[in-house]
Amino acid sequence: MARKTVVRVKVNGTSREAEVEPRLLLVHFIRDILGLTGTHVGCDTTNCGACTVLLDGKPVKSCTVFAVQADDQEIRTIEGVADNGKLHPLQEGFREEHGLQCGFCTPGMILAAKALLERNPHPTEQEIRWGISGNLCRCTGYQNIVKAVQYAANKMT
Amino acid sequence: MIPQSFEYFRPQSVREAITLLEQHGSGAKILSGGQSLIPMMKVRIARPEYLVDINRIPELRYVREEDGYLKIGGLTRESDLEYSELIKSKYPIILDTAAMIADPQVRNMATVGGNLAHGDPANDHPATMLALRAEVIASGPGGERVIPIKDFFVSLFTTALEHNEILTEIRIPTLPARSGGAYFKLERKVGDFATVGVAAQVTLEASGICIYAGIGLTNVGPTPLDVQRASDFLNGKSLDEMSIKQAARIAADDAQPSSDLRGPASYKTSMVRELTIRALVRARERASR
Chain A
1 MARKTVVRVK
11 VNGTSREAEV
21 EPRLLLVHFI
31 RDILGLTGTH
41 VGCDTTNCGA
51 CTVLLDGKPV
61 KSCTVFAVQA
71 DDQEIRTIEG
81 VADNGKLHPL
91 QEGFREEHGL
101 QCGFCTPGMI
111 LAAKALLERN
121 PHPTEQEIRW
131 GISGNLCRCT
141 GYQNIVKAVQ
151 YAANKMT
Chain B
1001 MIPQSFEYFR
1011 PQSVREAITL
1021 LEQHGSGAKI
1031 LSGGQSLIPM
1041 MKVRIARPEY
1051 LVDINRIPEL
1061 RYVREEDGYL
1071 KIGGLTRESD
1081 LEYSELIKSK
1091 YPIILDTAAM
1101 IADPQVRNMA
1111 TVGGNLAHGD
1121 PANDHPATML
1131 ALRAEVIASG
1141 PGGERVIPIK
1151 DFFVSLFTTA
1161 LEHNEILTEI
1171 RIPTLPARSG
1181 GAYFKLERKV
1191 GDFATVGVAA
1201 QVTLEASGIC
1211 IYAGIGLTNV
1221 GPTPLDVQRA
1231 SDFLNGKSLD
1241 EMSIKQAARI
1251 AADDAQPSSD
1261 LRGPASYKTS
1271 MVRELTIRAL
1281 VRARERASR
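Here the protein sequences come in this chain order: A and B.
So the first sequence is numbered by our numbering: it starts at 1 and just counts up by one.
So the second sequence is numbered by our numbering: it starts at 1001 and just counts up by one.
Hints were generated in silico from the structure; no laboratory data involved.
As the structure is a computational prediction, the values presented were derived from the model and not from experiment.
Where a beta carbon is used, it is the ideal one built from N, C-alpha and C, also for glycine.
Warning: the hint list may mix true and false statements.
Capping the alpha-carbon separation at 25 Å, the derived lysine to any residue pairs in SDA-like fashion look like this [what the hints assert, rightly or not]:
(1) 58/A <-> 1042/B
(2) 1071/B <-> 1174/B
(3) 10/A <-> 1061/B
(4) 1090/B <-> 1069/B
(5) 1090/B <-> 127/A
(6) 58/A <-> 1040/B
(7) 1237/B <-> 1253/B
(8) 4/A <-> 1002/B
(9) 1042/B <-> 33/A
(10) 1090/B <-> 120/A
(11) 4/A <-> 1007/B
(12) 1088/B <-> 133/A
(13) 1189/B <-> 103/A
(14) 1029/B <-> 19/A
(15) 4/A <-> 1010/B
Cβ-Cβ distance ranges computed for the label pairs, FRET-style [unchecked claim]:
(16) 129/A <-> 1245/B: 29 to 35 Å
(17) 1058/B <-> 126/A: 29 to 35 Å
(18) 8/A <-> 1066/B: 35 to 41 Å
(19) 3/A <-> 1267/B: 46 to 52 Å
(20) 8/A <-> 1145/B: 35 to 41 Å
(21) 129/A <-> 1156/B: 33 to 39 Å
(22) 74/A <-> 1016/B: 22 to 28 Å
Chain A is nowhere near these chain B residues, computed Cβ spacing over 12 Å in every case [said to hold, decoys possible]:
(23) 1069
(24) 1086
(25) 1133
(26) 1147
(27) 1174
(28) 1178
(29) 1260
(30) 1264
Chain B with its partners taken away, still in its complex shape (with noise of 0.2 Å):
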């Protein structure tokens, strides 16, 4: 399958990425790890007129702690995170979703950016981001802002970007002690886009007591889900097995799947509440180590 031609610009900086984008409007994408977009083209159901590729652009590839926040560049590759030391020892809620997205071949190429800024709710990047809430620095023509990522998925394949912005970087405020998450998918088959993933984040105090609980649900939605519900429900009550099972059926009510392929809606339903669960009770776990 070919996709329909278009002009391509291989900006070496961010600032000619953005005036790239500037000078040619709504026809402009942006090719970061392309696993998302190049599939799309090839159908021809994205045809952008203008492609730039912003993957000689390197300063924007980094995963580092600094002031304060676990800092992301945008073009940093899946296979970066799945063998960073420091997101396996310090955030492993993003080493359990990176190690599930696709498989290896579509992990070198992928980047953290494009699967938070495709808007493609059934990425898995987005829930855990929601789960840790994760703010993204969006670069324009006038500089940087920061976006909250629960303002970031607006509808379906749709941010909070502008078309002449870039996701140049996402970041977590640093997980105080006794902090963990988890994320777990279900799929049908290995490299598959989740049936339905579940994120939870949590924060305990020495007594055991929940004062922090982010969950995000993938794949249940016209946009990645965060379950405010839940994290009001559990924050200032104990972790235990029956607070746990309701947070999940309150993440199962809001879940809002459909039946498609990957089964029926009562099923993913579900599903929500039995990997809520099973997220929860590993991210105790974690935070109890």
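Next up, chain A with everything else stripped away, as it sits in the complex (with noise of 0.2 Å):
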């Protein structure tokens, strides 16, 4: 077994750390070990997107980082977008416009609809769509993930 390494890292604004195999996975760091399970392993072949979070406000596939590589940093998961229990406006746009069904991609498309907001704050469709493109959902055919997407950014401005 290779020399365990610290991973130190701020999550949803905490500050965490643990000793590690280098070959540790972001993605089961932050579900095994910090406890945070709403981040998921989909597909785990870095197509999904099950597993996005935010690394220093961008969106990364969590299943195609090491933890040790998020040394230092600060990441964002689905449990840190609510605001003390005030629901994020994307979170109210997915209960409002039906965009989950079975929720498992969910947490990944709210992480990667977030970034793309905060960048582009008023995205057509085709952007919001575009910038979804690294998460898919077998349950819902987009549509109302999208419409979740307009509802949040319309409240947002």
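Can you join these two chains into the complex? Each is in its own frame, and there are hints to help.
Now the structure itself:
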């Protein structure tokens, strides 16, 4: 087994640290060590985006990043989207516009959309679809997800 | 899926990284964006014993024009290219290429250096860099050396980089006036590797005569392909419907696609022809602006 190394991260605003093997994937660090299971392992092959988290504000697929790479960086997971219990407009949007069925893709979708809206507060439908093009949904057919993001964009203006 | 165990290093400088590669020989791999390497490690096709993470060397991440070149640092993320005003305004072929790589999340991590150094004919930047006649800067224990892109792709997953070298920069000679290029990628679905990809870069004289053409092909051979025959054909000719179609036929002839999940070889050959036409038409349009 390789020498373990210490990883120090800020997760949803809180400093956390742990000693990990270098080969520990970020998604497993988040789920198994930090106990934040809202981030999901879907395909494990960098396709589906269910593992999406924000790393220093940028959406990444946490199944394709080593935990050690996140050392000294900030991570935001779905658990860190609501503000002290108050739903983020995206979370409201997914509720109001029926943007989820099974909910498995939803955390990844919300984080991808959050990053999109931060960069582009008034996206067109095409831009929304482009912004979530790294996230797959097997349930909804995407149209209500798009509406949910549009709801949030309007609410946040 | 879990990678095999490895020792991990995070050097703070290129020099330190090269020393680590020297020390650990062929058992060491560079970790750049990791978006090609980590998936291979997860299925254990790749089992490096030592991983040299170069992500904390910020001097390697840049996009700038200098000394008659567009210089792109090896650690430049695809999303950096996607949102660069310089790339969008002066090198749209590179924007075409970067924007078609995988998806937004992957583009936030994936690097140009990795996209080239991985040696995968299915990666997108190689075809474009071939069309642009780019130069790779490889940094090793003896210093830097320049590798012309046409010498860079040796065989499947093998480039001209020595095991103790790092691709620290890709540079493109500043384009003359009346230059234009485009990259077209056919994919089964968003985020996929190319079924076929074609990069075309041209320079025209005021009369419309083509004085430079570069055509690169993605995923239709064991390496990215440079269709020199089509370049030679177009040189000195008017870039019109006839010559474009003929160049496209040459590209299709020189492609070496395999039949696989993305389609039969004959289909891919047809698509090389079609995409070469579209890429040359768009390149001509951009060169005429």
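The hints, checked one at a time:
no., hint, verdict
1, 58/A <-> 1042/B, "holds, 23 Å"
2, 1071/B <-> 1174/B, "holds, 9 Å"
3, 10/A <-> 1061/B, "holds, 24 Å"
4, 1090/B <-> 1069/B, "holds, 12 Å"
5, 1090/B <-> 127/A, "holds, 23 Å"
6, 58/A <-> 1040/B, "holds, 23 Å"
7, 1237/B <-> 1253/B, "holds, 20 Å"
8, 4/A <-> 1002/B, "holds, 16 Å"
9, 1042/B <-> 33/A, "holds, 19 Å"
10, 1090/B <-> 120/A, "holds, 23 Å"
11, 4/A <-> 1007/B, "holds, 9 Å"
12, 1088/B <-> 133/A, "holds, 21 Å"
13, 1189/B <-> 103/A, "holds, 23 Å"
14, 1029/B <-> 19/A, "holds, 23 Å"
15, 4/A <-> 1010/B, "holds, 14 Å"
16, 129/A <-> 1245/B: 29 to 35 Å, "holds, 34 Å"
17, 1058/B <-> 126/A: 29 to 35 Å, "holds, 33 Å"
18, 8/A <-> 1066/B: 35 to 41 Å, "holds, 37 Å"
19, 3/A <-> 1267/B: 46 to 52 Å, "holds, 50 Å"
20, 8/A <-> 1145/B: 35 to 41 Å, "holds, 38 Å"
21, 129/A <-> 1156/B: 33 to 39 Å, "holds, 34 Å"
22, 74/A <-> 1016/B: 22 to 28 Å, "holds, 25 Å"
23, 1069, "holds, 28 Å"
24, 1086, "holds, 18 Å"
25, 1133, "holds, 31 Å"
26, 1147, "holds, 28 Å"
27, 1174, "holds, 30 Å"
28, 1178, "holds, 31 Å"
29, 1260, "holds, 17 Å"
30, 1264, "holds, 24 Å"
Checked against the numbered hints above, the structure breaks none of them.
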